[in-house]
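Protein sequences, first through last, are from chains V and S. Numbering-wise, the first sequence is residues -4 to 339 according to our numbering. Numbering-wise, the second sequence is residues -4 to 339 according to our numbering.
Please keep in mind that the hints were generated in silico from the structure rather than gathered at the bench. Worth double-checking, as some hints may not be accurate.
Because identical chains share one entry, a pair is satisfied inside a single copy or across any pair of copies.
[Said to hold, decoys possible] Derived pair list, reagent style SDA-like, types lysine to any residue, alpha-carbon separation capped at 25 Å:
no. : residue 1 : residue 2
1   : K1        : G294
2   : K138      : Y277
3   : K14       : P258
4   : K14       : G63
5   : K14       : A259
6   : K138      : E290
7   : K111      : R301
8   : K138      : D278
9   : K103      : N163
10  : K1        : K107
11  : K84       : E32
12  : K138      : D282
13  : K138      : H283
14  : K138      : N232
15  : K103      : G29
16  : K138      : G220
17  : K138      : A280
Since the model is a prediction, treat every value here as computed from it, not as a measurement.
Number of protein chains: 2
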Amino acid sequence: MSQSAKRVVLVSRPVGEPKPTDFRIEEYATPAPGPGEVLLRTIWLSLDPYMRGRMSDGPSYAQPVPIGGVMEGGTVSEVIASNNPGFAKGDLVLSRAGWQTHAISDGKGLGKIDPKIARISTAVGVLGMPGFTAYAGLLEIGKPQEGETGVVAAATGPVGSAVGQIANLRGARSVGVAGGPDKVRALTEEFGFAAALDHRSPDFRDQLAEATPDGIDVYFENVGGAVWQAVLPLLNNFARVPVSGLVAQYNAAGPGDGTDRLPATMRAILSKSLTVRGFINYDLAADHYAAFLREVGAGIADGRIRYREDFVDGLEQASEAFIGMLEGRNFGKLIVRVDGGSKP
Amino acid sequence: MSQSAKRVVLVSRPVGEPKPTDFRIEEYATPAPGPGEVLLRTIWLSLDPYMRGRMSDGPSYAQPVPIGGVMEGGTVSEVIASNNPGFAKGDLVLSRAGWQTHAISDGKGLGKIDPKIARISTAVGVLGMPGFTAYAGLLEIGKPQEGETGVVAAATGPVGSAVGQIANLRGARSVGVAGGPDKVRALTEEFGFAAALDHRSPDFRDQLAEATPDGIDVYFENVGGAVWQAVLPLLNNFARVPVSGLVAQYNAAGPGDGTDRLPATMRAILSKSLTVRGFINYDLAADHYAAFLREVGAGIADGRIRYREDFVDGLEQASEAFIGMLEGRNFGKLIVRVDGGSKP
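Work the whole structure out from these sequences, hints included.
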């Protein structure tokens, strides 16, 4: 217990894209658990787009990380010391320990992970928050029907790939958008999308129109920006748009090109009777979480739901990997092997 | 039947605000009904904001009025000759006869009006399309709950005044926005709004914040533009926004002030889990029309639902009255007395 622990703290609130100097890695003495507490060792740290929001102090559904505070994040952790009768040394748990090697918990909010269901890193991926975000938003708001067309961007990511595959399981036709030829290829070859497009193509808009000859009935919005502009004219009457993330906007700091794009969006909402609805995954847990575990767990087991993970080694690499993710440089669910984690 | 009939046709598609020269009044020979047809005499012609949309040929949920075509519109008409066994001379009907003194109909889509329920002009107002738009959008999408706060603009108009009163009947607290002191006064004194504001006040935003100390749970969007910008920061988590009209946008032709307001709206949709949903009243008829007639009919009969009508005399005045309505110059439901109609 005398070994040194490490953590990543927020140094400054970025305007626009985060820089490496917005983060600092610190050493601290490994804490000891008090009465009723457990000591956790982080195995896997999840990196997710929502964390960009936590770095800013604008209006949000959640409090920002304080300056000097540890960056927030979900982890797969191991209980290495326990004064809590609910947990034994060696237990694997899903935790919100953040960007650090060790953390103390009173046990509240920890979820035990059964390593027999799937590899444990999926607890922060396809079987965790991203997978559930896809599942709940798609079924509660998107409501894909047999024969309809669904579109999702960042489609090789942990949310997008689940959206496409779950829509397929409902009989819809999934069209995926990603950046770069390798990702685009993976969408059809690995994840079963009916069509896949590169949003960097100069004729992306035309390609999207061609790939959706019957229009778009469900657009799962997790990027915002240019993809939304391409999708908007293709949406069918009564289309549904779950809004789960706006990663393309998170880094936007300055003014745009002088065009106010709100009137066109509002006009489309009215003239096409669109439903545009934001959601936070945990608000939908009561209605959908049990079904999610059952259906997606079974889908992984029998191979109908696939996923891709992108591993980074060491907490020292977390900030750079996070910055890269906001630029789309990851390929699959981005996970940091923090300390003693081993690739499966 | 040999008397001359009159109609208003569309001469040109306005860019921005319609001008009187976009319309032309024409005389035509009163038509004679063929087999199975009826001849209608227009008593009341309804003027509504959606008609501005029909003058343009941009994307919409409905076909535009062709150049040279009769302006569309709902009417209260009298059957003055009938070759249709379903209708007798003297029957009063709700029709889509348009801006003209006489029309031929095969009887399809005509709805008989019972003059004993309420004065017949309400068939194009509080008991007609505007009232139903308010009722169905508010209950299907807005879902006001006991103790919540609802906001509506153009609140002395036929949609807005119904929205506020129906929300009140559901136990919500209605806040109305209108233009000018007379309208603002009517909102609290006549229609029972808990608070009323003038959107022309220089400190309108501050006033709206003061009038909604618990935030806004339902915003019934029927104007767009500046009111939406004032409402957005005050919306509570999980607020619902039925989008019924964007009259402040209908006339917008040129670029704005160079600010792209879409990112802030999308961010609010995400961070507050908002539901923003457009609708067309007739799509909600199957679920809500019968209940609407029952509840609003009873509300009018017992005085819990009030309404205001603004009458204009003669088809010659229709285009000017319509242009004025888009600027908010009417006070209550705008109706043209076309030919032989009499004020109640």
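Verification of the supplied hints:
Proximity of K1 to G294 under the C-alpha cut-off of 25 Å is found in neither arrangement, the shortest distances being 37 Å within a copy and 67 Å between copies. Both within a single protomer and between protomers do K138 and Y277 lie at most 25 Å apart by alpha-carbon distance, with minima of 18 Å and 22 Å respectively. Only between protomers do K14 and P258 lie at most 25 Å apart by alpha-carbon distance; the minimum there is 22 Å, versus 34 Å within a single protomer. Only within a single protomer do K14 and G63 lie at most 25 Å apart by alpha-carbon distance; the minimum there is 16 Å, versus 61 Å between protomers.
In the homo-oligomer, the alpha carbons of K14 and A259 lie at most 25 Å apart only across protomers (23 Å), although the nearest pairing inside one protomer, at 34 Å, exceeds that limit. Taking identical chains as interchangeable, the C-alpha atoms of K138 and E290 lie at most 25 Å apart only when both belong to the same chain, with a minimum of 16 Å there against 31 Å between chains. Taking the closest pair of Cα atoms, K111 and R301 come within 25 Å of each other only inside a single copy of the chain (17 Å); across copies the shortest separation is 66 Å, beyond that limit. Proximity of K138 and D278 under a CA criterion of 25 Å is satisfied in both settings, with 17 Å inside one chain copy and 18 Å between copies.
Within a single copy, K103 and N163 get their C-alpha atoms no closer than 36 Å, and across copies no closer than 42 Å, so neither meets the 25 Å cut-off. In the homo-oligomer, the alpha carbons of K1 and K107 lie at most 25 Å apart inside one protomer (24 Å), although the nearest pairing across protomers, at 78 Å, exceeds that limit. Proximity of K84 to E32 under the C-alpha cut-off of 25 Å is restricted to the intra-copy arrangement: shortest distance 12 Å within a copy versus 86 Å between copies. Within a single copy, K138 and D282 get their C-alpha atoms as close as 14 Å, and across copies as close as 19 Å, so both meet the 25 Å cut-off.
Proximity of K138 to H283 under the C-alpha cut-off of 25 Å is found in both arrangements, the shortest distances being 13 Å within a copy and 22 Å between copies. For the identical chains of this complex, K138 and N232 are neighbours both inside a copy (14 Å) and across copies (22 Å), given an alpha-carbon limit of 25 Å. For the homomeric pair K103 and G29, the shortest alpha-carbon distance inside one copy (14 Å) is at most 25 Å, but the shortest distance between copies (79 Å) is not. In this assembly of identical chains, K138 and G220 lie within 25 Å of each other by CA distance solely inside one copy; the values are 23 Å within and 30 Å between copies.
In the homo-oligomer, the alpha carbons of K138 and A280 lie at most 25 Å apart both inside one protomer (16 Å) and across protomers (22 Å), since each shortest distance falls under that limit.
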